[in-house]
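Engineer: Okay, here's what each chain looks like letter by letter:
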Amino acid sequence: MAFEDLGTWLDVGPDSDVVVSSRVRMARNMACFPFVNRATQGQCQEIVSLTRQALSECDLSNEPTNEMIWVDLDQASDRERMLLVERHLISRHHAETRASKAVAVARDESMSLMVNEEDHLRLQVLTAGLQFEQAFSRISQVEKGLESTLEYAFSPRWGYLTACPTNVGTGIRFSVMMHLPGLLITREIERVKRSAKDLHLAVRGYYGEGSESTGDLFQISNQITLGQSEDELMAEFQQRIIPRIVDYERQARQMLLKKNPLLLSSTKISC
Amino acid sequence: MKCDKCDKPAVVHEVVIRGGVKKELHLCADHAMQEGIAMPQQQPIDQLLTKFVTSKSNEKNPAEELSCDGCGLPFREFRKRGILGCPDCYEVFVEQLEPLISRAQNGACHHTGSIPSQAGASIDRQLIIRQLADELDSAVAAEQYERAAELRDQLDHLKLHGPELED
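If you're matching them up, the sequences are chains B and W in order. Counting in numbering that gives the first Met the number 0, the final residue of the first sequence is number 270, and the numbers go up one at a time with none missing. Counting in numbering that gives the first Met the number 0, the final residue of the second sequence is number 166, and the numbers go up one at a time with none missing.
Hints in this document: simulated from the structure, not taken from any laboratory. It cannot be assumed that every hint is accurate.
Pairwise CB distance ranges (calculated) [to be verified]: (1) ALA132/W / SER136/B: 30 to 40 Å; (2) ASN105/W / PRO13/B: 21 to 31 Å; (3) ALA148/W / ALA234/B: 30 to 40 Å; (4) ASP230/B / ALA132/W: 18 to 28 Å; (5) THR165/B / ILE127/W: 20 to 30 Å; (6) ASP155/W / CYS163/B: 35 to 45 Å; (7) GLU145/W / VAL11/B: 52 to 62 Å; (8) ASP29/W / SER136/B: 33 to 43 Å; (9) LEU154/W / GLU66/B: 46 to 56 Å.
A few chain W residues facing chain B, derived, Cβ under 8 Å [stated by the list, open to error]: (10) MET0; (11) LEU72; (12) PRO98; (13) LEU99; (14) ILE100; (15) ALA103; (16) ALA148.
Ideal Cβ placement from N, Cα and C applies to all residues, glycine included.
The following block holds chain B by itself, in its conformation from the complex (with noise of 0.2 Å):
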């Protein structure tokens, strides 16, 4: 494996004072295979073998690498495998096994298809700051590319089929993480867990599932994939759930600003 220094979505992005990076991710299933848990190897091998094949036939000439990196992960060392998993390319739960799994991983590293994660594919494209139009732009344009030579599994009343039924529906996330330390410090970050609750978003820590918050950086996603269309829930998601958040983060670092800012000067947030 051979990346560039860094991957371009650590780069500074709008909002990026409060929002690192911005991330959708999109879940899809074969119609003519179990889903992964029930699959056999035989089946999961195959499922990898489509997958390459359909990727090698996508139109990627708009994407900003023009290609992708495959990497098997029952072929995979431990060490490039946590290399994947710290750069956030693929999942802990992906790397855990070595089953027939395999990932796709743009050389920028924007943007990763995991094969045989929970659902067959798991496609997802990372973007500096809070900006989801390019990202998801771009991972519509891989989906319908690779659907040219797969079939999805899909139902006219649940919409895109996966493994989990919550995922059911447009099979997509939007996710960002978000660095909270005014928040945190403030003790405010309760009342957006619970605000966040209600609203239906998850906040997780900086791995995602199961994982604890490290650096006060926050990953929020949205849990509703059904009942509304993509554009509806990416305009709802980045235009009026997570400003109100960035707002309510900035108004804690001015706050602290003013009462003790020497607190401030030992914590590195920008005001």
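Chain B is fixed; fit chain W onto it per the hints.
Structural biologist: Frame of chain B; chain W shown alone:
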């Protein structure tokens, strides 16, 4: 892998060698039953019905005895792990899944997002019908009868020009 005789996933795989000639069989649950092939994870339908009736008489939840035809996943395993086994599970366990999904999705139980381009116009039309039906319900609830009449005419027109909704 698909069934040799239809598009469902094959759940029975058999290799038969007769007179030195190897023949592979890949069948879905339905066609395996038609061929008289025993399925290790499935019970004969009469046993299943007996169990269903027995469990009813004991006032147990009959869903606990359900298994998916497509992948053999027992419903009780889904309850334990929260993960389904194949696309068919959504049909087999529909009654059990409806309230779960609706609760997780803030009351929603119909997809209104994008559809696969391969699925073609029929799904598109079904989604439009579903949206119009929802609008009609809202119009009736709000006593907007003129709007409701317009929506009903649109629905009738759409329904006349194609098959009915699947669900």
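Engineer: For each hint, tell me whether it holds in the structure or not.
Structural biologist: Tested hints:
no.: 1; hint: ALA132/W / SER136/B: 30 to 40 Å; result: holds (31 Å)
no.: 2; hint: ASN105/W / PRO13/B: 21 to 31 Å; result: holds (28 Å)
no.: 3; hint: ALA148/W / ALA234/B: 30 to 40 Å; result: holds (32 Å)
no.: 4; hint: ASP230/B / ALA132/W: 18 to 28 Å; result: holds (22 Å)
no.: 5; hint: THR165/B / ILE127/W: 20 to 30 Å; result: holds (26 Å)
no.: 6; hint: ASP155/W / CYS163/B: 35 to 45 Å; result: holds (38 Å)
no.: 7; hint: GLU145/W / VAL11/B: 52 to 62 Å; result: holds (54 Å)
no.: 8; hint: ASP29/W / SER136/B: 33 to 43 Å; result: holds (42 Å)
no.: 9; hint: LEU154/W / GLU66/B: 46 to 56 Å; result: holds (49 Å)
no.: 10; hint: MET0; result: holds (7 Å)
no.: 11; hint: LEU72; result: holds (6 Å)
no.: 12; hint: PRO98; result: violated (11 Å)
no.: 13; hint: LEU99; result: holds (6 Å)
no.: 14; hint: ILE100; result: holds (5 Å)
no.: 15; hint: ALA103; result: holds (5 Å)
no.: 16; hint: ALA148; result: violated (26 Å)
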